[in-house]
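Undergrad: The hints should help you fit chain E onto chain P, whose structure is shown.
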Amino acid sequence: MTTSPETPLFLLGAPRSGTSLLYKALCLHPDAAYISNWVRRFPSVPALAALNRVGRRLPQQRMRSWFSHDSNAYVHMGPRSVVQRAFPSPAEGEPVFRRCGIPGQPPIQASEGQLRELRSAFGAVRRFGGGEVFVNKRIANNLRIALLVKAFPDARFVNLVRDGRAVAASLVRVDWWEDDPVWWYGATPREWVRDGGDPWDVAARHWVEELRVVEQGLSGVEPDRLLEVRYEDVVDDAVPALREIAEFGGLTPSPAWEGLLAAISIVRDEQWRVQLTAEQIQRVEAIQADELARHGYSLTR
Amino acid sequence: MAAPAFAFMIGSGRCGSSLLHEVLARHPGIGFLSNIEDNLTVPVSAGRINSALYRRVPARFTQKGRARFAPSEGYRALDREVSPVISAPVRDLTAADVTPWLADRFRAFFAERATAQDADVFLHKFTGWPRAAFIHAVMPEARFVHVVRDGRAVASSLLQMDWWKGYGGPEAWGFGPLPADDAAAWEASGKSFALLAGIEWKLLLDASEVAKRAVPEKQWLEVRYEDVVIDPVDGFRRILEFLGLEWNESFAVGFARHAFDPAALTRWQADLDLRSIELLNASLADHLARYGYSV
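Keeping their order, the protein sequence lines are chains P and E. Just so we're aligned: 148 in our numbering is position 85 of the first sequence, and the numbers increase by one with no gaps anywhere. Just so we're aligned: 173 in our numbering is position 10 of the second sequence, and the numbers increase by one with no gaps anywhere.
Bound-form chain P, shown alone (with noise of 0.2 Å):
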């Protein structure tokens, strides 16, 4: 498989599904471009992914910066210092993507000239900010490959599992959640329970709905430009595991990175056991039966 300095790396699944850490993890990599929280607030002026240079060169910082104290890559929630908000982040950089009039909302359509907007994007983020591979992490990449694939036919995908039940308990505590319009329903979790719905449903269903439009979307890829993995193999074991992730992606083997990754501590989460109920457990687990079986993960009963 050839590597192109226009062969981008992008990192799918589920929301909640570990994406964040991953995607957060290869961008510590020397050789990694990526979209930043400077770029994301003025997606007219690429120029500003330069400053991801100074982001290399202030590991400490950066380090401090893209991971909390738990090592959670998602950061946004807790308290945060304003040096720690304007340190160059990975961001997910929705607002590039609508500049260049990609939908990230069905119905997912573009033109050639869009598509080429984006090419151009990517490429002066890479310019600017340094790197030989644009990794990106975008939860509406999940309903966009197609089009992913027809600007960057040489695209590659990770397409990143885990535990649907993991992921239902985490969306319901996560503060973005209930206001968030999910795609499938075409309104929000907290109409979803105005509407008579239950909580735990919509959350376990947004997993299998997640799961379902990726495998449909990663069926126009080459397989060798797919590599899927399961988020609990990852923290089991993290560094081999994002190593291999890595070269993949085109990066090469780096101890350096290696190193930084050893010093995130990256834990099995298994909260979902003890936070939910077991009439919640069995809740989520009838909706998501088939797709758990599916990946390997074994019911409650």
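Treat the hints as calculated values from the structure; they're not laboratory data. In this text, a Cβ means the ideal position worked out from N, Cα and C, and glycines have one as well.
Label-pair distances were calculated between CB atoms; the ranges are:
#, chain 1, residue 1, chain 2, residue 2, range
1, P, Arg-257, E, Ala-215, 55 to 63 Å
2, E, Ala-274, P, Asp-300, 35 to 43 Å
3, E, Tyr-330, P, Arg-120, 40 to 48 Å
4, P, Leu-362, E, Asp-397, 29 to 37 Å
5, P, Ser-361, E, Ala-274, 53 to 61 Å
6, P, Ser-183, E, Val-458, 54 to 62 Å
7, E, Arg-231, P, Arg-161, 50 to 58 Å
8, E, Gly-353, P, Asp-287, 51 to 59 Å
9, P, Arg-120, E, Ala-427, 22 to 30 Å
10, E, Arg-453, P, Ala-349, 56 to 64 Å
11, E, Ala-215, P, Arg-275, 47 to 55 Å
12, E, Gln-226, P, Leu-362, 51 to 59 Å
TA: Leaving out everything else, chain E in the frame of chain P:
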């Protein structure tokens, strides 16, 4: 505040122990003797800044052969404050060499520095004779990280050092008379310096095996340099775990300053001539096999 722990990294010399020591010294929990303290008579309290300063020094300013700041084996300081018996003994030091005055000076040398530096672990490196049995008798709690490298690579590297005394023959090399078998092989080889360098590695490895028997198993860690260079994260994680230290963010940043080059592990094959390699293979075969090196 918990009492500092003491650890000694030992190895034959030219075995990669300097790289390992320098990388480990990047850990904020590790205290060490610096080359400044070795070369100048400075108060023990001056070492207080060692760790903080060293963690900010780029790797290129720690390299030997130039003005640098780095951990040191500290033989000059040991000569001044303890005794020359520590720095250049003609044989390995054992428990039988412990006298009250020597034990007091040796212990104080490290304890005062560890306290001044507020170190969780004070790590010192010795090359040549392991001295581990002596150290264990003086500091029974001390741990040992024994670094082993392919004897042929060590021999090749020794031959290239300006300080190696082997060119003066076994009478001058500082490790005492050769064992009868090795003396015969050395004569039969036409006094091959490569072979003599290999014999030095073998003697020191034998000494470390004897010393190891004096130290409780849990206080001794054997590390192959090649394994660390091939998978540095795994290698250093094992060492840190042995020392009771975490692989934290600060260490990770320091670790990233160093380069590990697996390609350099086989450089000895190009640096040595075929005959030297054959002599070394024949003489070191058992020892090489014992440590997992193929001939």
